[in-house]
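Asker: Now for the letters of each chain:
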Amino acid sequence: MSMVTDAQVKNAIPTDQDLIDFVVREARLIDQQRFDEWLDLYADDAFYWMPLEWNQTDPRLTCSLMYEDKLLLSIRVERLKGARTFSQKPKSRCHHVLQTPQVDSRDPAANNYVTWTPMHYIETRMDEQTLFAAWATHHLSVENGRLKIKLKRVDLINCDAAFGNIQLFM
Amino acid sequence: MTRYAGNVAAIRDLVRDQEVHRDVYVSEEVFQLEMEHMFPNSWVYVGHDSQVPNPGDYFGTTIGTQPILLVRHTDGTVKVLHNRCPHKGTRITSETCGNAGKFFRCPYHAWSFRTDGSLLAIPLKKGYENTGFEQSHAASGMAPVRHVRNYRGFVFAKINDGGLDFEEFFGDSLSSFDNMIDRSPVGQLKVAGGVLRYMHNCNWKMLVENQTDTCHPMVAHESSAGTVVEVWKKAPPGTKKPMAVEIIAPFMSPYEFFENMGIRIWDNGHGHTGVHHSIHSDYSAVPGYFEKMKAAYGEERAKAILGENRHNTVYFPNIMIKGPIQLLRHFKPIAANKTLVESWTFQLVDAPDMLLERTLMYNRLINAPTSIVGHDDLEMYERAQEGLHSNGNEWVNLQRLYSPDEAGQTNVAVNGTSEWPMRHQFRAWTKFMTMGM
Ligand code: FES
Ligand SMILES: [Fe+2]
Chain A
1 MSMVTDAQVK NAIPTDQDLI DFVVREARLI DQQRFDEWLD LYADDAFYWM PLEWNQTDPR
61 LTCSLMYEDK LLLSIRVERL KGARTFSQKP KSRCHHVLQT PQVDSRDPAA NNYVTWTPMH
121 YIETRMDEQT LFAAWATHHL SVENGRLKIK LKRVDLINCD AAFGNIQLFM
Chain B
1 MTRYAGNVAA IRDLVRDQEV HRDVYVSEEV FQLEMEHMFP NSWVYVGHDS QVPNPGDYFG
61 TTIGTQPILL VRHTDGTVKV LHNRCPHKGT RITSETCGNA GKFFRCPYHA WSFRTDGSLL
121 AIPLKKGYEN TGFEQSHAAS GMAPVRHVRN YRGFVFAKIN DGGLDFEEFF GDSLSSFDNM
181 IDRSPVGQLK VAGGVLRYMH NCNWKMLVEN QTDTCHPMVA HESSAGTVVE VWKKAPPGTK
241 KPMAVEIIAP FMSPYEFFEN MGIRIWDNGH GHTGVHHSIH SDYSAVPGYF EKMKAAYGEE
301 RAKAILGENR HNTVYFPNIM IKGPIQLLRH FKPIAANKTL VESWTFQLVD APDMLLERTL
361 MYNRLINAPT SIVGHDDLEM YERAQEGLHS NGNEWVNLQR LYSPDEAGQT NVAVNGTSEW
421 PMRHQFRAWT KFMTMGM
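Which chain is which? The protein sequence lines are A and B, in order. Quick note on the working numbering: the first sequence kicks off at 1 and runs consecutively. Quick note on the working numbering: the second sequence kicks off at 1 and runs consecutively.
Keep in mind that the hints were calculated from the coordinates and are not lab data. Don't take each hint at face value.
[Stated by the list, open to error] Covered stretches of chain B, as calculated for chain A (at least 3 residues, CB under 8 Å): (1) 189-195; (2) 198-205; (3) 213-225; (4) 348-360; (5) 373-380.
[Claimed, not checked] Here are the simulated DSSO-like pairs of lysine-lysine, each with C-alpha atoms no more than 30 Å apart in a straight line: (6) B:Lys234 to A:Lys70; (7) B:Lys338 to A:Lys89; (8) A:Lys150 to B:Lys241; (9) B:Lys292 to B:Lys190; (10) B:Lys240 to A:Lys70; (11) A:Lys81 to B:Lys234; (12) B:Lys241 to A:Lys81; (13) A:Lys91 to B:Lys338; (14) A:Lys150 to B:Lys234; (15) B:Lys240 to A:Lys148; (16) B:Lys233 to A:Lys81.
[To be verified] Looking from chain B toward chain A, a few residues come up when the C-beta cut is under 8 Å (computed): (17) Leu340; (18) Asn363; (19) Pro369.
The beta carbon of each residue, even a glycine, is placed where N, CA and C say it ideally should be.
Please take these sequences and the hints and turn them into a complete structure.
Answerer: Structure below.
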């Protein structure tokens with residue numbers, strides 16, 4: 001068994017350490033570009049949300065940098081493999097530095113756990129290396145003995161800045 | 001070394017009937033001349049008046065690279081001012097938008113100005129007595145941009161006194177604005193949803209040209225739209241087509257689709273793709289919307305308004321609008337090889353929220369720095385910006401479907417894959433670059 005398989009949650013109620021391990025593992029799968037395994041961490045009705053506005057509350061009638069359901073996420077993952085994905089020739093690479101995730105709330109009755117993780121994310125392509133600072137909020141729940149992401153929200157400290165291409169996942 | 005300043009012949013030589021010289025994209029000197037001549041001679045988009053609803057509201061933007069300010073004056077009219085203190089040049093506002101109250105106050109030495117720019121007060125005024133201050137530039141306050149036109153909420157300004165008047169400059173092209181605005185049952189738009197900002201390391205004109213380039217989607221966007229089509233094929237039969245698929249998949253339409261959709265050419269570099277149909281034609285109906293339109297305009301007129309599916313309308317020099325989804329992109333030049341793209345979205349006043357939802361989804365799926373479709377385009381612009389430094393060939397070819405008698409023609413609809421709009425933009429470019437030079 002390799003280091004970063006998606007460990008079973010022993011009980012229906014995950015420990016804080018289970019939640020922390022999960023968030024760390026998610027970042028590692030992105031860094032190692034194991035995108036199919038990464039996608040598998042998301043529940044079928046999950047969303048990946050990157051707001052455009054500071055403290056944004058509405059993903060529907062306020063624009064976001066990303067607000068993607070699992071279909072759109074899987075399209076991105078497929079696209080990264082494409083033979084004619086020219087913006088990924090050569091490919092981007094990325095690197096996460098996480099603070100220890102903090103468990104903000106745990107509600108076993110509702111099967112809902114929220115963690116908060118300040119992080120630095122670096123994306124590189126060719127000679128360019130770009131640093132982003134962000135807070136990741138994970139809304140997790142247990143499905144069939146596994147933790148799954150219901151919502152991952154990534155708040156960039158400079159969410160409203162003018163960026164060039166951001167090609168991978170934070 | 002200067003090659004082009006004051007040299008009308010050299011500038012004209014950059015644009016041939018079927019090709020343009022690479023210096024229009026890579027030369028810093030040509031870029032400076034665009035800022036000095038081409039932008040000030042043109043009617044340039046400033047902003048929408050819903051961004052400054054109340055007296056004292058302001059919004060800071062640029063005409064070319066010059067900082068300017070859109071402001072709602074105390075009398076309710078909108079003014080466009082140069083965003084520069086007449087004292088020592090300090091930019092007057094610290095945030096992009098806000099409310100100045102009854103007057104602007106410069107943060108450096110506290111000179112203050114009415115919201116039409118005129119000088120209101122100077123601390124220690126006595127120190128200017130007997131200095132001839134009344135005759136100075138400074139005494140007249142923040143310089144207004146004199147030529148301003150608010151067209152149904154969209155504010156344009158022209159910095160130079162020469163050039164064409166507003167109607168002459170835009171002519172029939174304003175019909176695209178009309179159609180976008182008429183899509184509201186009360187004929188009104190409001191800026192909504194936030195602005196997406198996307199930095200491009202390429203010349204601003206590459207973006208403008210791309211708005212009418214219909215030979216690239218099925219090639220460059222195979223990675224994004226093509227993948228959408230492939231992934232969607234695997235959905236279980238009977239699954240309802242998601243809004244996202246409706247939006248992205250049409251980018252993969254075949255050449256024939258784009259050839260038949262048609263391009264219309266107006267004067268002065270303006271024009272639009274999608275004369276007959278477009279990638280926006282097949283969106284599913286939004287519940288309750290047509291009923292509202294019918295009640296407001298009558299069935300026939302409502303159908304005519306919604307039947308218009310213009311794809312991209314280019315307003316020379318540097319904006320594009322998409323009427324069917326109420327979106328405006330502003331291509332802001334920063335340097336010969338650097339452009340800021342702002343994508344603005346509008347709410348149709350008194351129409352269902354779902355229309356705004358679709359507009360915002362389109363914006364983030366197509367125009368965002370985090371958008372896969374946008375990545376495809378930017379990659380091509382940046383490769384072009386680099387490739388143009390090759391001395392193997394100094395010319396960019398714009399020859400597709402060229403006809404020798406096209407130069408004087410206007411208000412014609414042509415094959416949707418013609419590069420006529422780009423040739424036509426460059427004819428306008430030469431005209432406004434050399435006007436008054
Ligand atoms: S620079 Fe504005 S008051 Fe002095
Ligand atoms: Fe494109």
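Asker: For every hint, state whether the structure bears it out.
Answerer: Hints, verified against the model:
1. 189-195: holds (count 4)
2. 198-205: holds (count 4)
3. 213-225: The restraint on the stretch 213-225 of chain B holds, since 4 of its residues have a Cβ under 8 Å from chain A and three suffice.
4. 348-360: Held - the stretch 348-360 of chain B has 4 residues with a Cβ nearer than 8 Å to chain A, which meets the minimum of three.
5. 373-380: holds (count 6)
6. B:Lys234 to A:Lys70: The hint holds at about 14 Å.
7. B:Lys338 to A:Lys89: Judged against 30 Å, a Cα distance of about 22 Å means the pair holds.
8. A:Lys150 to B:Lys241: Roughly 22 Å separates the two Cα atoms, so the pair holds.
9. B:Lys292 to B:Lys190: holds (18 Å)
10. B:Lys240 to A:Lys70: holds (15 Å)
11. A:Lys81 to B:Lys234: Holds: lysine 81 (chain A) and lysine 234 (chain B) sit about 17 Å apart, inside 30 Å.
12. B:Lys241 to A:Lys81: holds (24 Å)
13. A:Lys91 to B:Lys338: Given pair lysine 91 (chain A), lysine 338 (chain B) holds - Cα atoms ~23 Å apart, limit 30 Å.
14. A:Lys150 to B:Lys234: holds (23 Å)
15. B:Lys240 to A:Lys148: With Cα atoms ~25 Å apart, lysine 240 (chain B) and lysine 148 (chain A) stay inside 30 Å; holds.
16. B:Lys233 to A:Lys81: Since the Cα atoms of lysine 233 (chain B) and lysine 81 (chain A) sit roughly 17 Å apart, the hinted pair holds (cutoff 30 Å).
17. Leu340: Holds, about 5 Å.
18. Asn363: holds (6 Å)
19. Pro369: It holds, given that the least Cβ distance between proline 369 (chain B) and chain A is near 4 Å, below 8 Å.
In this structure, every one of the numbered hints holds.
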